[in-house]
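Modelling step: build the complete structure from the supplied sequences, incorporating the hints.
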Amino acid sequence: MANDALRPDTARPLVGRSPAPRVGRRPGGGIPGQGRQPLVFLLPAVLVTLAVVIFPTLFGLYVSFTDWQLNDPGGRQFNGIENFRRIFQDGRFWNALRNNFVFVGLGVPLQYVLALGLALLLNQDIVGRRFFRVVFLLPFMMSPVAAGWMLGRSIFDAQRGPLADLLTWLGVERIVFFETGRRAVASLLVIDAWYSIPFMLVMLLAGLQALPGEVFEAAKIDGATGWQLFRDMTFPLLLPVSLTAVVLRAVFEFKVIDIILVVTGGGPGDASETLTAYIYKRGVSGLDVGYATAMSQIFLLVVIVTITLLLATVGRKVRETV
Amino acid sequence: MSTDGVGTPGPQPHRPASVSRPLSRRGVLKAATGAAAAFYATGVPGKAYRRAIAQDDPRTQLLAESDPERAGALALKTTKEGAFAGQTVRFQGLSNAGFHVNVFRPFARAWEEKTGATVEWIEVTQAESFQKMYQAISSDTVAFDVLEASGGWEGDLLGGGHCVAMPAEYLEGANYDLKDVVPYLQSPTRTWDGVTYGASIDGDMHHFNYRRDVFADADLAAEWTAAGGEGQFGPPTTWQQVQAYSQFFQGKEFDGQPLYGILDSLAPSGGVGHYFFNSRASAYAKYPGDPAFFFDPDMTPRINSPAFVRALEDMVAALPAAPPDQTNAELLRNLDNFLAGTGTMCHWWADIGSNVYTNDSSLVQGKVGYSVLPGSPDVYNPQTGQFETLPEPNFAPYLAFLGWGLYVMNEADQNGVAAAAWDLVDHLTGRDASLWMNIYPSGMNPWRESHFNAADWVQTGFPQEEAQQYLDSIRDSYNHPNRIVDLRIPGQGQYFEAAEAAWTRAITGEVSAQQALDDAATRWNEITDTLGRERQVELYQASLGGGGAATPTA
Chain A
1 MANDALRPDT ARPLVGRSPA PRVGRRPGGG IPGQGRQPLV FLLPAVLVTL
51 AVVIFPTLFG LYVSFTDWQL NDPGGRQFNG IENFRRIFQD GRFWNALRNN
101 FVFVGLGVPL QYVLALGLAL LLNQDIVGRR FFRVVFLLPF MMSPVAAGWM
151 LGRSIFDAQR GPLADLLTWL GVERIVFFET GRRAVASLLV IDAWYSIPFM
201 LVMLLAGLQA LPGEVFEAAK IDGATGWQLF RDMTFPLLLP VSLTAVVLRA
251 VFEFKVIDII LVVTGGGPGD ASETLTAYIY KRGVSGLDVG YATAMSQIFL
301 LVVIVTITLL LATVGRKVRE TV
Chain B
1 MSTDGVGTPG PQPHRPASVS RPLSRRGVLK AATGAAAAFY ATGVPGKAYR
51 RAIAQDDPRT QLLAESDPER AGALALKTTK EGAFAGQTVR FQGLSNAGFH
101 VNVFRPFARA WEEKTGATVE WIEVTQAESF QKMYQAISSD TVAFDVLEAS
151 GGWEGDLLGG GHCVAMPAEY LEGANYDLKD VVPYLQSPTR TWDGVTYGAS
201 IDGDMHHFNY RRDVFADADL AAEWTAAGGE GQFGPPTTWQ QVQAYSQFFQ
251 GKEFDGQPLY GILDSLAPSG GVGHYFFNSR ASAYAKYPGD PAFFFDPDMT
301 PRINSPAFVR ALEDMVAALP AAPPDQTNAE LLRNLDNFLA GTGTMCHWWA
351 DIGSNVYTND SSLVQGKVGY SVLPGSPDVY NPQTGQFETL PEPNFAPYLA
401 FLGWGLYVMN EADQNGVAAA AWDLVDHLTG RDASLWMNIY PSGMNPWRES
451 HFNAADWVQT GFPQEEAQQY LDSIRDSYNH PNRIVDLRIP GQGQYFEAAE
501 AAWTRAITGE VSAQQALDDA ATRWNEITDT LGRERQVELY QASLGGGGAA
551 TPTA
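Protein chains in written order, with our numbering: chain A, 1 to 322; chain B, 1 to 554.
It is possible that some hints are incorrect.
Stated by the list, open to error - Cβ-to-Cβ under 8 angstroms is the rule here; a few derived chain B residues that face chain A: (1) Ser-138; (2) Pro-268; (3) Thr-327; (4) Pro-490; (5) Gln-494; (6) Ala-498.
Keep in mind the hints are simulated off the structure, nothing from the lab. Even for Gly, the Cβ is constructed at its ideal location relative to N, Cα and C.
Written out as structure tokens, the structure is:
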């Protein structure tokens with residue numbers, strides 16, 4: 001059958017020798033003149049999609065309405081909206097979700113501003129430009145676990161970290177970076193930014209290099225200042241790339257877990273715990289699969305709504321500007 | 001339990017640059033050995049030296065050997081030469097850097113060579129070890145033949161019928177020598193329904209480590225008296241004294257370094273931190289004569305009782321006297337800190353003591369003292385709901401974690417490698433092998449009567465007096481009449497993880513101690529209901545019989 005399907009159909013007229021068949025659906029399915037052959041070609045892709053996308057999604061949805069706990073001798077039972085009712089009363093869930101929004105709402109803008117500054121700098125004809133480009137990319141090539149360990153558990157360590165020693169040497173009172181919830185989240189934002197900025201930097205730098213040089217030359221001849229060039233030309237022209245970078249980073253920030261688990265484990269208490277970390281702990285450590293899956297469903301919804309709103313509002317402004 | 005990783009590399013304590021490292025006895029021994037080797041390599045000493053070596057007791061040779069591969073060859077007792085050729089035994093154990101599988105692997109090489117079998121090592125982090133086991137047995141996807149597991153997991157592992165009983169050939173054999181195993185690890189631990197399923201490779205309890213030099217300091221003693229400190233300045237024997245000393249040390253220096261109080265494990269760490277919380281509550285909550293500690297016999301949680309609330313309030317009150325960032329300190333950071341000379345008191349498994357002389361990062365040789373966990377003049381009586389002051393302080397050593405054991409899974413039987421698996425287990429847990437693993441860093445703590453011979457420890461650098469105190473504190477914990485045998489019913493890991501998640505919120509002041517532990521009790525009830533209250537009650541009551549000496553029935 002495979003051979004038949006792959007063999008050129010010599011029995012049929014070639015295009016040009018007869019009117020081209022009209023491409024489109026017809027009641028019987030398939031493309032006119034080709035029977036159901038295209039559907040056969042599509043079948044593997046459809047099956048794969050069903051197996052790896054549709055089924056897990058639907059199964060996840062089903063599990064979120066069960067009390068499935070891995071060590072429950074009774075197995076999983078349908079429990080209606082019980083998991084969702086518990087989620088709304090679960091303070092730890094809301095705390096974790098709030099932390100996610102802190103990472104997205106504060107972390108992404110911080111990363112964008114710094115990455116844009118660095119991209120503008122590296123787009124100039126400065127000495128050692130190539131060297132700096134490679135150096136600034138290095139953090140992104142590291143594993144987030146290694147980055148978290150290196151910064152959070154070594155450099156930021158309150159007792160033996162060089163940063164604390166440096167501050168003490170400068171006469172600043174020793175700062176314990178992860179002592180309180182707010183400080184822990186702020187320190188994690190810094191570590192996350194250090195790791196994530198190169199990603200934005202690469203995108204923004206590529207965007208800057210794609211901007212039309214002759215337009216800028218013309219503006220310069222017309223007497224535009226550097227600030228005017230940036231405000232009225234560079235920034236607006238870079239907006240589509242900026243939007244893409246921000247949206248991607250926002251999605252990544254929603255999912256942040258590795259750095260959190262390595263550096264604070266979500267602590268002190270659960271102060272720096274993100275939703276992904278909480279879901280992981282509840283599902284993997286707590287074996288509470290039904291509840292963890294229900295949280296995942298809500299989380300998915302939150303991410304979709306947030307990103308859609310971001311695209312709808314900021315995207316519209318970008319289109320208007322560009 | 002053992003020096004282990006909670007999802008992190010094993011203990012690799014950092015040494016503050018400002019702290020000079022004293023010459024370690026072990027370092028001196030190493031240097032002397034090297035010099036002697038160079039000397040003998042010249043051939044000058046001649047045959048007399050070689051005769052002396054040949055006459056050496058093999059056990060003495062083993063204890064002088066720090067390399068695990070050569071130690072494994074010296075400890076090899078198997079008689080199954082070539083018997084398992086072509087067979088592969090899959091061993092799932094902990095990945096902690098420098099410990100567990102990292103020691104077993106080289107130690108088992110001689111066994112592989114002699115028997116012809118191959119061991120496939122499957123490494124898991126400690127934080128994931130329970131979950132990995134549970135997922136495998138609950139989904140019937142067990143892909144290992146030998147499992148390194150805690151005695152606390154036996155409710156799930158043995159109660160579920162997933163393991164092969166230990167053959168009499170090994171159970172009664174001279175190498176494993178069951179009679180030499182401390183009583184609580186002969187039974188109920190490692191057994192189910194009266195049948196032995198697991199071989200011990202580790203023994204566990206929490207005991208108390210303190211800085212002897214600090215508590216012997218005359219200047220501090222004078223300050224203590226001047227400050228109106230109660231009683232004579234010296235090592236604390238009650239948790240109340242621990243609290244008082246922690247507050248007293250706050251802001252003081254010793255040998256040019258800041259003095260800190262007790263090191264509590266306060267960071268969320270997948271439930272492992274809850275063992276330390278239990279230690280803190282031990283003397284307040286374990287009423288003499290009442291075998292229960294975690295729950296009432298009907299599975300009503302005791303975790304929100306005034307005894308546990310007091311323990312949590314103690315931990316919060318001790319925070320100002322702790323090293324910076326203690327709220328994020330988990331067990332390994334405390335181990336690192338104590339070995340590096342930070343902190344004056346630390347309740348931990350017995351690894352601290354064994355690492356003081358054999359861990360290259362230790363800065364506290366000759367400075368550490370050991371005792372059973374501190375007691376309390378008063379103890380909470382769950383029957384009356386009141387604290388009672390006893391004629392003598394109440395002590396309740398906590399057999400936390402119940403030690404790592406090696407279990408052969410049913411899959412080994414199905415794959416035809418059960419005999420090889422048990423022979424491997426026998427090699428790793430034999431009398432001499434286990435002594436070596438106890439003394440050298442491996443993550444294993446004393447669990448045989450023969451491990452309590454201080455003379456063996458002295459050979460590797462432990463001073464006699466310290467070795468004796470260290471070993472006595474462990475043995476006294478194991479044999480104490482008011483000991484707390486750790487929870488070993490299904491869901492143990494879940495109960496601990498849920499409790500830890502609740503009480504760590506009180507550490508940061510998010511909620512009160514009472515509120516945090518009320519939340520923990522609510523979660524414990526949910527877990528019990530999910531697992532089946534009736535069955536849990538039955539298993540828990542069975543596990544309480546005879547002060548922890550009973551055998552639960554499946």
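Right, here's what the structure says about each hint:
Contact between B:Ser-138 and chain A, as hinted, is supported at the beta carbon level, the nearest pair being about 5 angstroms apart and thus within 8 angstroms. For B:Pro-268, the shortest C-beta to C-beta distance to chain A is roughly 5 angstroms, which falls under 8 angstroms, so the interface hint holds. For the restraint placing B:Thr-327 at the interface with chain A, the shortest Cβ-Cβ distance is roughly 4 angstroms, inside the 8 angstroms limit, so the hint holds. At its closest, the beta carbon of B:Pro-490 sits 6 angstroms from a beta carbon of chain A; the interface hint therefore holds under the 8 angstroms criterion.
With a cut of 8 angstroms, the hint placing B:Gln-494 at the interface with chain A holds, because the nearest CB-to-CB distance is about 6 angstroms. With a least beta-carbon distance of about 7 angstroms to chain A, the hint placing B:Ala-498 at the interface is held under the 8 angstroms criterion.
Hint compliance for this structure: every hint is met.
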